[in-house]
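If you're matching them up, the sequences are chains A and B in order. This note's numbering runs 57 ahead of the 1-based position in the first sequence. This note's numbering runs 57 ahead of the 1-based position in the second sequence.
Treat each hint with caution, since some may be false.
[Stated by the list, open to error] Below, in silico cross-link-like pairs of lysine-lysine (DSBU-like), each with a Cα-Cα straight-line distance of 30 Å or less:
1. Lys92(A) - Lys134(B)
2. Lys152(B) - Lys190(B)
3. Lys81(B) - Lys111(B)
4. Lys81(A) - Lys111(A)
5. Lys134(B) - Lys134(A)
6. Lys81(B) - Lys81(A)
7. Lys190(A) - Lys81(B)
8. Lys152(B) - Lys92(A)
9. Lys111(B) - Lys152(B)
10. Lys134(B) - Lys81(B)
11. Lys92(B) - Lys190(A)
12. Lys111(B) - Lys190(A)
13. Lys92(A) - Lys81(A)
14. Lys111(A) - Lys152(B)
15. Lys134(A) - Lys152(A)
16. Lys190(A) - Lys152(B)
17. Lys152(A) - Lys92(B)
18. Lys152(B) - Lys134(B)
19. Lys92(B) - Lys81(A)
20. Lys81(B) - Lys92(B)
21. Lys190(B) - Lys134(A)
22. Lys92(B) - Lys134(A)
23. Lys134(B) - Lys190(B)
24. Lys134(A) - Lys111(A)
25. Lys81(B) - Lys152(A)
26. Lys111(A) - Lys190(B)
27. Lys190(B) - Lys92(A)
28. Lys111(A) - Lys111(B)
29. Lys111(A) - Lys190(A)
30. Lys152(A) - Lys190(A)
Rather than coming from a laboratory, the hints here were simulated on the basis of the structure.
2 protein chains.
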Amino acid sequence: MTEDRVDAVGELEAERDELLNDLKRVAADFENYRKRVARDQESLVARAHERLVKELLPVLDDLERALQAAEEHQEGKLEDGVRLVQRELSEALAKEGLVEIETNGHFDPHMHEALLSQPSDQDEGAILEVLQKGYRLGDRVLRPARVVISQGE
Amino acid sequence: MTEDRVDAVGELEAERDELLNDLKRVAADFENYRKRVARDQESLVARAHERLVKELLPVLDDLERALQAAEEHQEGKLEDGVRLVQRELSEALAKEGLVEIETNGHFDPHMHEALLSQPSDQDEGAILEVLQKGYRLGDRVLRPARVVISQGE
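The following block holds chain A by itself, in its conformation from the complex (with noise of 0.2 Å):
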């Protein structure tokens, strides 16, 4: 055998503990960003429903707040303190991407749900009253409206 055929030898062993040991530390690597993961996303989904939440605290306060009033039989510091609570409650779920679904115009099953349809002078389709609210969360319906559609003439 040759000095250069022991030095291959030797040098392919040290490539292959090199690489074995590359393998090793990737695969470790990997399992603890697994570990890591499973933490984060519990945590993750604990702090964005803290925000939300920590957001409602007001409602509840003002809600007590109109309560209080209607103990006392101030019917307009009531009537104020549930306009409020409606523009917070509205505002807070507006910032979590909430959005009413339009109901202006044509009937759309996408968004809308059609529990009647009436003759009306108005086009087949056309939405002649809004019985329950709908909304959407950026693209998803939530809920669809709820409608009365035109049958035509």
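We have chain A already, so just place chain B on it with the hints.
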């Protein structure tokens, strides 16, 4: 060079190539996993919010009905409506883990904020009055209860 040596070199080369392939595969899996995690986290937060926001839609509906009653000067109906809204909102938030902070007993700086202290016949540090309710989400204090405490006699 002997036959054995040739075998040894060939085996080492095969071993090295296999390890190199394994390393490339694991590294690629790792990279794909990272990308998937980034996508998942976005949709995880979106889905978590979606559920909570969806639960709050009936609260919005009932608020609107209550305001409708107010416009029609049906004060009794308005008050009932507001009570319903408060119950719904409290229940939706309780489901998320929201808990009112206890204020029966002694001042605890981890959960209470003393806005005033005044002389009273109660022990020093006793909570005399709650000015604003406090809330926690699991172990985390979202907002301390704002209280008046006793200075003692």
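Hints, verified against the model:
1. Between lysine 92(A) and lysine 134(B) the alpha-carbon distance is near 53 Å, which puts this suggested pair outside the 30 Å criterion.
2. Between lysine 152(B) and lysine 190(B) the CA atoms are separated by roughly 18 Å; this keeps the pair inside 30 Å, and the hint holds.
3. Proposed proximity of lysine 81(B) and lysine 111(B) is contradicted: the alpha carbons are some 45 Å apart, above 30 Å.
4. Using a Cα cut-off of 30 Å, the hinted pair lysine 81(A) and lysine 111(A) is violated, with the two alpha carbons roughly 45 Å apart.
5. With a C-alpha separation of about 15 Å, the suggested pairing of lysine 134(B) with lysine 134(A) holds against the 30 Å cut-off.
6. As the CA atoms of lysine 81(B) and lysine 81(A) are separated by approximately 12 Å, the hinted pair is consistent with the 30 Å bound.
7. This hinted pair does not check out: lysine 190(A) and lysine 81(B) have alpha carbons roughly 54 Å apart, beyond 30 Å.
8. With a C-alpha separation of about 28 Å, the suggested pair lysine 152(B) and lysine 92(A) falls inside the 30 Å cut-off, and the hint holds.
9. Note on lysine 111(B) and lysine 152(B): the hinted pairing holds, with a Cα-Cα distance of about 13 Å set against a maximum of 30 Å.
10. Distance hint between lysine 134(B) and lysine 81(B) is unfulfilled; the C-alpha atoms sit about 69 Å from each other, more than 30 Å.
11. Pair hint lysine 92(B) plus lysine 190(A) does not hold up; C-alpha atoms about 38 Å apart against a cutoff of 30 Å.
12. At most 30 Å may separate the alpha-carbon atoms for a hinted pair to count; lysine 111(B) and lysine 190(A) meet this at roughly 13 Å.
13. Straight-line distance between C-alpha atoms of lysine 92(A) and lysine 81(A) comes to about 17 Å, which keeps the hinted pair within the 30 Å bound.
14. Distance check on the hinted pair: lysine 111(A) and lysine 152(B) sit about 14 Å apart at the alpha-carbon level, within 30 Å; holds.
15. A threshold of 30 Å between alpha carbons decides the hint, and for lysine 134(A) with lysine 152(A) the separation of about 27 Å falls inside it, so the pair holds.
16. Between the alpha carbons of lysine 190(A) and lysine 152(B) the distance comes to roughly 24 Å, so the proposed pair stays at or under 30 Å and holds.
17. For the hint pairing lysine 152(A) with lysine 92(B), the CA-to-CA distance comes to about 27 Å; that is within 30 Å, so the pair holds.
18. For the proposed pair lysine 152(B) and lysine 134(B), the alpha carbon gap of about 27 Å is at most 30 Å, so the pair holds.
19. For the suggested pair lysine 92(B) and lysine 81(A), the alpha carbons sit about 22 Å apart, so the restraint of at most 30 Å is met.
20. As the CA atoms of lysine 81(B) and lysine 92(B) are separated by approximately 17 Å, the hinted pair is consistent with the 30 Å bound.
21. For the given pair, lysine 190(B) sits about 21 Å from lysine 134(A) by alpha-carbon distance, which is consistent with the 30 Å threshold.
22. Note on lysine 92(B) and lysine 134(A): the hinted pairing is violated, with a Cα-Cα distance of about 53 Å set against a maximum of 30 Å.
23. The suggested pairing of lysine 134(B) with lysine 190(B) holds, with an alpha-carbon distance near 27 Å, which does not exceed 30 Å.
24. Taking the CA atoms of lysine 134(A) and lysine 111(A), the gap is about 25 Å. The hint holds against a cut of 30 Å.
25. A hinted pair counts as satisfied when its Cα atoms are at most 30 Å apart, and lysine 81(B) with lysine 152(A) does not qualify at roughly 44 Å.
26. For the hint linking lysine 111(A) to lysine 190(B), the alpha-carbon distance of about 13 Å falls within 30 Å, and the restraint holds.
27. Our distance criterion of 30 Å between C-alpha atoms is broken by lysine 190(B) and lysine 92(A), whose separation comes to about 38 Å.
28. With a CA separation close to 17 Å, the supplied pair lysine 111(A) and lysine 111(B) stays within the 30 Å bound.
29. Distance check on the hinted pair: lysine 111(A) and lysine 190(A) sit about 26 Å apart at the alpha-carbon level, within 30 Å; holds.
30. Simply put, lysine 152(A) and lysine 190(A) have alpha-carbon atoms about 18 Å apart, close enough for the 30 Å limit, and the pair holds.
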